[in-house]
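For reference, each letter of the sequence shown is one residue, going 83 to 296 in the numbering used here.
FYI, nobody ran anything at the bench for these hints, they're computed from the structure.
Any given hint might turn out to be false.
Here are the computed lysine-lysine pairs in the DSS-like style, where the Cα-Cα straight-line distance is at most 30 Å [what the hints assert, rightly or not]:
| hint | residue 1 | residue 2 |
| --- | --- | --- |
| 1 | Lys117 | Lys102 |
| 2 | Lys248 | Lys143 |
| 3 | Lys248 | Lys216 |
| 4 | Lys126 | Lys106 |
| 5 | Lys117 | Lys164 |
| 6 | Lys290 | Lys280 |
| 7 | Lys160 | Lys103 |
| 8 | Lys160 | Lys106 |
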Amino acid sequence: MAETNRISAEDQQMIDAIQKKHNKSIEELRMEREKRLWDAVELKVPDRVPVIFGGTFFACKYAGIPYSAAYYDTVGWKQAFKKMIVDMDPDSYGWEPRESGVALEALQSNYTRWPGGTLPPDVPFQIAEKEYMKEDEYDLFLTDPTDYMLRYLIPRTYDALAPLSKLPPLMGFGAGVEPIAQMLVSPEYQPVIAAMKKAGEAGAERMKIISTMQ
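I would like the entire structure built from these sequences, with the hints used as guidance.
This is how it looks when you write it as structure tokens:
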């Protein structure tokens, strides 16, 4: 069986450089920083103030690549983020993975504007504020949140999924799946299925790359 957690040569060079810089092993550094963070959380006095750093688009700016890389070049963005973290040397880090630009295009998102898609490559993402939930729909949402999301909110936020608004209430199907399957094979829903498949594949490929962040 292939080893799934094998460290790449590039990452090993990075690890070696970090250990040389601090004259400590990676495990020693991890334990040291973990204690520092927990001391702060538990209101103890840490050896110094812990620093937590992150930044999806700052990583792009720091590495000199367009913001659109966060949506369309996952490998490039990942390398930029790792460079930023290694150079800044925080105690911990966090990031907000952006959606796949290919997925957003496939779903025809109308509430998100993103660099490299509906915005220029170096403009941060924006939210297009609209009345996606009507003022008289709160009871519908509270009665059946899943049904409301599927038949009201999602069709309004993704143009490619608009036909979902024509589905009957899910409670009406009971435990029967066949009626739903019959509806989904109709020509009207084929573009919906194709869009979701393309978006799902793009998102899965993106997360496969990001999930190996070390």
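Legend entry - Satisfaction of hint between Lys106 and Lys126, Cα-Cα up to 30 Å: 24 Å, holds
Legend entry - Lys290 paired with Lys280 [C-alpha distance capped at 30 Å]: 15 Å, holds
Inset, instruction - Compare the distance between the alpha carbons of Lys117 and Lys164 with 30 Å, and conclude whether the hinted pair is satisfied. - result: OK: Lys117 and Lys164 at ~23 Å, within 30 Å.
Legend entry - Hinted pair Lys248 and Lys216, Cα distance within 30 Å: 17 Å, holds
Legend entry - Holds or violated: Lys117 to Lys102, with C-alpha atoms at most 30 Å apart: 21 Å, holds
Legend entry - Proposed proximity, Lys106 with Lys160 (alpha carbon, max 30 Å): Holds, because 25 Å separates the two Cα atoms, which is no more than 30 Å.
Legend entry - Satisfaction of hint between Lys143 and Lys248, Cα-Cα up to 30 Å: 44 Å, violated
Legend entry - Lys160 paired with Lys103 [C-alpha distance capped at 30 Å]: 22 Å, holds
When held up to the earlier numbered hints, the structure conflicts with hint 2 and nothing else.
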